[in-house]
Structure formats: C-alpha cells, structure tokens
Amino acid sequence: MHTSPHPTNQLFPLPGHVTPGRPLILVSGCLLGEAVRYDGGDKSLGPLREVLQGELQLRSVCPEVYAGMGTPRPPVQWVELASGERQLLQVDNPDISAREQLQAGCRNWCDNWQGEAPMAALLKARSPSCGNGTTPLLNEAGKQQGTMDGAFVQQLKRRWPQLWIVDESAVETEADALWLCRLLQWRQWQGATDVLLPSLLALTGEERRAWWRKQMASLAPPQ
2 MHTSPHPTNQ LFPLPGHVTP GRPLILVSGC LLGEAVRYDG GDKSLGPLRE VLQGELQLRS
62 VCPEVYAGMG TPRPPVQWVE LASGERQLLQ VDNPDISARE QLQAGCRNWC DNWQGEAPMA
122 ALLKARSPSC GNGTTPLLNE AGKQQGTMDG AFVQQLKRRW PQLWIVDESA VETEADALWL
182 CRLLQWRQWQ GATDVLLPSL LALTGEERRA WWRKQMASLA PPQ
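Here my numbering is used: position 189 in the sequence shown is 190, and no number is missing along the way.
Hint data in this document are derived by calculation from the structure and do not stem from the laboratory.
Heads up, a few of these hints could be off.
Restricting the straight-line Cα-Cα distance to at most 30 angstroms, the calculated cross-link-like pairs of lysine-lysine (DSBU-like) are [as the list claims (entries may be wrong)]:
no. : residue 1 : residue 2
1   : 158       : 144
2   : 44        : 144
3   : 158       : 44
Make the full structure from the sequences, and use the hints.
Rendered as structure tokens:
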C-alpha cells in the first residue's frame, strides 16, 4: 500500500483495504522550483512539492519555454486594444507581440499530448499563459480592466473540458496540499466528473475531515 512520508497523511487517513492511486497532474515548472520564469527565477512550492510528489504523478510544464520564448525573456502582458483585439505585448517594447508564438506553442503542446490524460493542473496564478481567470488584462493606457484565462489555460480547457485547474493559492500549507491529493485520488476511485472542486477546496479543516470520513465510510471492505 502506498503511504505518504508526511505526518499530514494522518489528517485524511485511508482505510487499510484502500490503496490510493497516483493521479497525473500538470504543474507549472516554476512552482516545482525550475528556473523558467521570465526573470530566470522560480516560484517554488518548497516542501509542499514533496507532499504532492508523495501522492501524485507530477508533469512539469512551462508553456513559454515550450513555445521557444527562452529564459530569461522580456516580460509580456495581455492588452486589449481599442479595437477590442487582445494582444500579448512586451512590457518594455509594446510594439512587439508574442501572442501568435505563445498561442501556437500552447495549442501544439495540447494537441501533441499522448498517453494518460491529466486529471488536474496546478498552475501559476496571474501568468500570461497559466492564469486561470487571474491573468491581468490591461487597456492601452496600462490600466488593468479585468482578468482572463492565460493562453495555456484556454487550450487546456479546449483539450480537456473536465480538467480540474487550480493555482498555488490552493496549496498554501501541507494540509492543503494533501487535501488536494486526496480529492484527486477520490475522484479517480469514483470516476467522478461532476464534483465542484472549488467548494471542496474551500472547506475548513474540520469540514474537510468530516467530508473525508464520510467518503471513506462508503468504501466498504471486500467480503
């Protein structure tokens, strides 16, 4: 039986007859400590990464690097022009657009995927590619007027409409990280596609434990 090396495993214990699977999830490379951000840095999850690695299969992805934009690279931002068109413009040289390059890279990455489909994606918030409804959308004066899905998230939703997508705010503690793992494992056991992940992630500590106990009680041991 697979067991987590972390004591947080006891927050959401598994019945002795249950062997958890290892769902496959996509993770922004910068969150895994890879130096792939525009400035050559990362946004590592630190020890939380070990919790995730102990329970899940992690597939690192950086859409900008895949699209050939390099590291380091000029920072870019989404801008809605007066015409209503959205362009991905360099911050320091707004005459240069990276939209076509990034969109093509994201589309190709999704279309060329082979093998087991991912169950979820843990992506960097506010990223031009990875933001899930959190990517800033500016006007031509440089003022933020809203938010949007990043280029990669748009393609993920096209390729896998049932994919669960979260950002780093969902895994701020080891308990949060294990909770996400358990929800994904539960979804894999049940083949569930209609569970509202945001509502489950928003549960408090005791609410989470109560929900988990109820689900585990429903998994009757073999006779």
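Numbers of unmet hints, in rising order: none
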